[in-house]
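S.K.: Sequence lines, in order, name chains U and L. Position 62 (the first sequence) corresponds to 62 in this note's numbering; numbering is contiguous. Position 158 (the second sequence) corresponds to 158 in this note's numbering; numbering is contiguous.
Don't read these hints as lab results, they were simulated from the structure. The structure displayed is predicted, hence computed values, not measured ones. You may find that some hints are simply not true.
What the hints assert, rightly or not - DEER-style ranges, computed between Cβ atoms:
| hint | chain 1 | residue 1 | chain 2 | residue 2 | range |
| --- | --- | --- | --- | --- | --- |
| 1 | U | ILE171 | L | GLY118 | 38 to 46 Å |
| 2 | U | ALA227 | L | SER156 | 15 to 23 Å |
| 3 | U | LYS128 | L | LYS8 | 43 to 51 Å |
| 4 | U | PRO76 | L | GLY118 | 51 to 59 Å |
| 5 | U | ALA165 | L | LEU27 | 44 to 52 Å |
| 6 | L | GLU174 | U | PRO130 | 35 to 43 Å |
Glycine included, C-beta positions come from ideal geometry on N, C-alpha and C.
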Amino acid sequence: MSGRFTIDGKIVAFTEGQTIIQAALAAGVYIPHLCYHPEFKPHGSCKLCTVKVDGRHTASCTMLAQADMVVESNTPALNDERRTLTQMLFVEGNHFCPSCEKSGDCKLQATAYELGMMSAHYDHFFPKRPVDASHPDVLLDFNRCILCSLCVRASRDVDRKNAFALCGRGIHTHLIVNAKSGRLADTDVTLQDKAVHVCPVGVFLRKDKGFNVPIGRRVFDLKPISAYVDASAAIEKE
Amino acid sequence: MNTVIGKKLKVATTSLAGCFGCHMSLLDIDERLFDLIELIEFDRSPLTDIKELGSCDIGIIEGGLCNAENVHVLREFRRQCKILIAIGACAINGGLPAQRNQLSLALILQEVYHTSVGLANGLIPNDPELPLPLAKVRALHEVVNIDYFIPGCPPSADTIWKALNDILGGREPELGHGLIQYD
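Required output: the full structure, derived from the provided sequences and hints.
M.R.: Given below as structure tokens:
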């Protein structure tokens, strides 16, 4: 079965089982998102992909497309809410773009650009989140984690290593390494793992390959995130 | 610049916990400075070396807040300026100086003046004239209301030019792809 629905007045075709965001991205309609990734089951946690379906808010990564739905996405009100969510992500972690190797290849940063975020607006938490530099090839910088769970899903569903988990509740939620010591060096994670490459921000950094592409020539320096059909694939190629 | 303003606007600028990189980027608008100077005149600024801040239309502040003097100057700017603009990463989120927020101030002072290699019997400076460091470096908007933000480290000359054009023209700055950069 397949059908059609509209997003912001544009007619979008879908096949049965497709979510709103899958059908939208396939039709070239950008919906801001961070925890959604085309290769993984949706997590529905970042809420950036929230749209209005027949007047009601819903996450477009978890809602199945249905015929004749009327979806609103690129509206000032929804983009204001998305910008607010993005600003909260910025103040909850330590996001210092000028000193981050992922700058220009970061979906959080590129989404903030797309939404015209000029400042983080709220007071910064400046949380203490020590880095894990124990692994010979991969540096884990928890300061940038936005709890999208993509590394958790990739390690569990693709790498079959179950090396990561989200621990705690509410504001205390944080990413942990599934080893008795809590250190990445004591897992079987390797540079080849999907989990190492799937991070939309700068938590997973390859140790021996810093600033390979200069600032100004990176993925989202070349084109805005909305101009990429699959922004995840674009940054994972880097 | 397409503005309809009669007399020149008074503009003050300063660098708090910044590196003057944003001021360098402002100068980097090059010959467009001639267009700009038709519309504005500088009050207190490192460019004029005027020390006392007068009543201004616009204040442009680079750098975050790392000590009590920074807070004093910021409040003075807020009092004297109708429009306050935070320019650059440090003014907006603390930037590089805020990397110290992970450590206790006591520990940092100990390490810098006492325990680092090569320091013989170093003393932590305590002259009453020295402004006291804040426990944490803060962004400007966490202390006073900021009207506009120009992100970047530093924002490029083109970014500053576009933002100033918009602000002087009475519009909300809209930078768009390529001009809005945090790095």
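S.K.: Could you work out which earlier hints the structure fails to respect and list their numbers in ascending sequence?
M.R.: Those not satisfied: there are none.
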